[in-house]
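Peer 1: Put the complex together from the two separate chains, hints included.
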Amino acid sequence: EAGVAQSPRYKIIEKRQSVAFWCNPISGHATLYWYQQILGQGPKLLIQFQNNGVVDDSQLPKDRFSAERLKGVDSTLKIQPAKLEDSAVYLCASSLGGGLAAVTGELFFGEGSRLTVL
Amino acid sequence: QKEVEQNSGPLSVPEGAIASLNCTYSDRGSQSFFWYRQYSGKSPELIMFIYSNGDKEDGRFTAQLNKASQYVSLLIRDSQPSDSATYLCAVNNMNRDDKIIFGKGTRLHILP
Numbered sequence: 001e002a003g004v005a006q007s008p009r010y011k012i013i014e015k016r017q018s019v020a021f022w023c024n025p026i027s028g029h030a031t032l033y034w035y036q037q038i039l040g041q042g043p044k045l046l047i048q049f050q051n052n053g054v055v056d057d058s059q060l061p062k063d064r065f066s067a068e069r070l071k072g073v074d075s076t077l078k079i080q081p082a083k084l085e086d087s088a089v090y091l092c093a094s095s096l097g098g099g100l101a102a103v104t105g106e107l108f109f110g111e112g113s114r115l116t117v118l
Numbered sequence: 001q002k003e004v005e006q007n008s009g010p011l012s013v014p015e016g017a018i019a020s021l022n023c024t025y026s027d028r029g030s031q032s033f034f035w036y037r038q039y040s041g042k043s044p045e046l047i048m049f050i051y052s053n054g055d056k057e058d059g060r061f062t063a064q065l066n067k068a069s070q071y072v073s074l075l076i077r078d079s080q081p082s083d084s085a086t087y088l089c090a091v092n093n094m095n096r097d098d099k100i101i102f103g104k105g106t107r108l109h110i111l112p
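Protein sequence lines correspond, in order, to chains A and B.
Take the first sequence: its letters are residues 1 to 118, numbered as in the numbering used here.
Take the second sequence: its letters are residues 1 to 112, numbered as in the numbering used here.
Next up, chain B with everything else stripped away, as it sits in the complex (with noise of 0.2 Å):
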């Protein structure tokens, strides 16, 4: 089983709608996890970071964690052209140091 798994996509949401993109984790040794957005054939800049659960907000994004369902979540509002990208989830273990494990990412196409 991998550790992160994420619907390839491509999901299309239309311009001003919610995107919805959901990442399920095995270990339950992870503590905190992370979204990451790459635009096509750019590195991957992160998001947001969530440890805790429930929701977190930060601007237009909240990133949801459900720890008992191995849940996360990232709701973008207002969705913009510019939201279109690749969202990776990620995840550590803190066990681990800083390792940081990828998903293989969503793709989000925005429509005008």
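Okay, chain A solo, but in the shape it has when bound (with noise of 0.2 Å):
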């Protein structure tokens, strides 16, 4: 079974450029996380979709990013314009679904997409 598929998986931009990270969740995985982990801190929830859906956003900085989920497969995260700030890692997880990640924290993270902003 293939994973969590994320691209880029390097990018190094210079402040208020834009960058676009993209991940391919796994077959039938309706719940998609976008997670920010800065060097040294936990991962921090920026988005949640259930299939196509926004179920929480409430962390995403929305003056300078954005997100969508195509069909409830794909999904891109945008930042523009990127702050120094930016620089961490951007995870994307998939779960089933259906409150089973509630319960089990089965959480399937892809290799992550390193943003450096310069």
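It is possible that part of the hints are untrue.
Capping the alpha-carbon separation at 30 Å, the derived lysine-lysine pairs in DSSO-like fashion look like this [unchecked claim]:
| hint | chain 1 | residue 1 | chain 2 | residue 2 |
| --- | --- | --- | --- | --- |
| 1 | B | Lys56 | A | Lys44 |
| 2 | B | Lys42 | B | Lys99 |
| 3 | B | Lys104 | A | Lys15 |
FYI, nobody ran anything at the bench for these hints, they're computed from the structure.
Peer 2: Here's what the structure looks like:
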């Protein structure tokens, strides 16, 4: 079974530029998450999708971050314009949905996209 | 107040000893609790979950939950150098679907 795919793995940009990250979850997984992990900190939930609807985006800085999940499958996270403090690893994860992860915590993470903003 | 609090460490434990990792949470509505392990440069991986008060054992790992004290812990017996990693405590509030909130993690070093 293929895992969660993310791209690009690494990206270096200058502040005020834009960047986009792509995520393809495990086939059949209804729930998709984007987490931001700054060095030395735990993952911070940015947005959670259930199929193609947003469940939670309370921590997403909406003035510069946007995310979409087309047709309930792939997802894209965009940052425009980027700030120095956006330097982090952006982790995409997926789960079956239906409340299963709420009990088991079974999230499947991709390898992450490491962003450096200069 | 942060939802999930952990001591960032590092916690240094001799090989073969018991490593004890602790976590507190603020939301009394939290129902399930998880421990993830994250090696440097890698993504988190789930080790254990617990939702009932008491202990849950899986091999060398034991998760402990005390809902009255809002306290979760992870014990690692017979610590091995390969256990050196960051351990993330996470919680779910059943009222929030499959939302999972992580603590900042505790770095664990097993000394050979």
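Peer 1: Does each hint fit the structure? Answer for all of them.
Peer 2: Right, here's what the structure says about each hint:
1. B:Lys56 x A:Lys44: 27 Å, holds
2. B:Lys42 x B:Lys99: 21 Å, holds
3. B:Lys104 x A:Lys15: 26 Å, holds
Comparing the model with each earlier hint shows no violations; every hint is respected.
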